[in-house]
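S.K.: Residues per chain, in single letters:
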Amino acid sequence: DIQMTQSPSFLSASVGDRVTINCKASQNINRYLNWYQQKLGEAPKLLIYNANSLQTGIPSRFSGSGSGTDFTLTISSLQPEDVATYFCLQHNSWLTFGSGTKLEIK
Amino acid sequence: QVQLKESGPVLVQASETLSLTCTVSGFSLTNYGVIWVRQPPGKGLEWMGIIWRNGNTDYNSALKSRLSINRDTSKSQVFLKMNSLQTDDTAIYYCTRVRRFGVQVMDAWGQGASVTVSS
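Line by line, the protein sequences give chains A and B.
When the count follows the working numbering, it moves up by one through the first sequence with no breaks and lands on 108 for the last residue.
When the count follows the working numbering, it moves up by one through the second sequence with no breaks and lands on 1607 for the last residue.
Heads up, a few of these hints could be off.
Dumping the calculated EDC-like pairs for lysine to aspartate or glutamate here, alpha-carbon to alpha-carbon at most 16 Å [what the hints assert, rightly or not]: (1) B:K1493 / B:D1560; (2) B:K1493 / A:E44; (3) A:K47 / B:D1595; (4) A:K108 / A:E83; (5) A:K41 / A:D84; (6) B:K1531 / B:D1560; (7) B:K1531 / A:E44; (8) B:K1569 / B:D1546; (9) A:K26 / A:D3.
Some residues of chain A that are not near chain B, with every Cβ distance over 10 Å (derived) [as the list claims (entries may be wrong)]: (10) F12; (11) D19; (12) R20; (13) N30; (14) E44; (15) S67; (16) G68; (17) N94.
Note that these hints are calculated values from the structure, not bench results.
Note that the coordinates shown come from a computational prediction; the quantities given were computed from them, not determined experimentally.
Positions of the beta carbon are idealized from the N, C-alpha and C atoms, including for glycine.
Please model the entire structure based on the sequences and the hints provided.
M.R.: The structure is reproduced here in structure tokens:
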């Protein structure tokens, strides 16, 4: 089974900051990685699919990069509405979720 | 508009069977599969099983012995049944859709069904 190691587990940043969240796969997953945002009490929302493709309707301050085993979600300028838990999902070989990153405003 | 909606009991007794329904609209179950995912309180997400667009199923090995997923395409509904419930099965249960691995994976989710297993 593929394991996904997500870091950090908690992140506190100021409005306007550039924020990065990382996921590392235990083996090559090509570009088959999605990023999701989950606000408190809500269902997850797809932000980025296949490592770097922005889902329709998602603000351009969100971007994804990486391939193989190392992936990054970047928020270029943090906004108050970005407070949420973010997690990755690999779908190269079955499905594995990252453990999540809780993002708060400093 | 693509929508998925979970329905089922809020409270289930330990050792009993959980039955949940996912009703979809805006797409056909013959074009998309449905994945069941659960999230225990304060914890991460776990995929449970998939019913593919051709009707075949795959299950997470950790749940395979207790889990069954079926569908009624004429009603646009997918059904999850899980037996021998324990208190650690308490979770929010989501249904999501998938075209195939690598293509449109979990791009739309239901709002979730909160299930509490009582001892």
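S.K.: For every hint, state whether the structure bears it out.
M.R.: Cross-check of the supplied hints:
Proximity of K1493 of chain B to D1560 of chain B is assessed by CA-CA distance (about 15 Å); at most 16 Å being required, the pair is judged to hold. Proposed proximity of K1493 of chain B and E44 of chain A is supported: the alpha carbons are some 13 Å apart, at most 16 Å. For the hint linking K47 of chain A to D1595 of chain B, the alpha-carbon distance of about 8 Å falls within 16 Å, and the restraint holds. A C-alpha spacing of about 13 Å is found between K108 of chain A and E83 of chain A, which places the hinted pair at or below 16 Å, so the restraint holds.
Note on K41 of chain A and D84 of chain A: the hinted pairing holds, with a Cα-Cα distance of about 8 Å set against a maximum of 16 Å. As the CA atoms of K1531 of chain B and D1560 of chain B are separated by approximately 31 Å, the hinted pair breaks the 16 Å bound. For the given pair, K1531 of chain B sits about 14 Å from E44 of chain A by alpha-carbon distance, which is consistent with the 16 Å threshold. A C-alpha spacing of about 14 Å is found between K1569 of chain B and D1546 of chain B, which places the hinted pair at or below 16 Å, so the restraint holds.
A distance of roughly 14 Å separates the Cα atoms of K26 of chain A and D3 of chain A; the hinted pair therefore holds under the 16 Å criterion. Against the 10 Å criterion, F12 of chain A stays outside the reach of chain B, whose nearest CB is about 13 Å from its own CB. Listed as a non-interface residue, D19 of chain A keeps its Cβ farther than 10 Å from every Cβ of chain B; the least gap is roughly 25 Å. At the 10 Å boundary, the C-beta of R20 of chain A stays outside the reach of chain B, the nearest C-beta of that chain being 25 Å off.
Even its closest Cβ contact with chain B, about 14 Å, leaves N30 of chain A beyond 10 Å, as expected for a residue assigned away from the interface. For E44 of chain A, the shortest C-beta to C-beta distance to chain B comes to about 8 Å, within the 10 Å cut-off, and the non-interface label is violated. Under the 10 Å C-beta cut-off, the non-interface status given to S67 of chain A relative to chain B holds; the minimum distance is some 18 Å. The beta carbon of G68 of chain A is kept farther than 10 Å from every beta carbon of chain B, the shortest such distance being approximately 16 Å.
Interface exclusion of N94 of chain A from chain B breaks down, the closest Cβ pair being 7 Å apart, not more than 10 Å.
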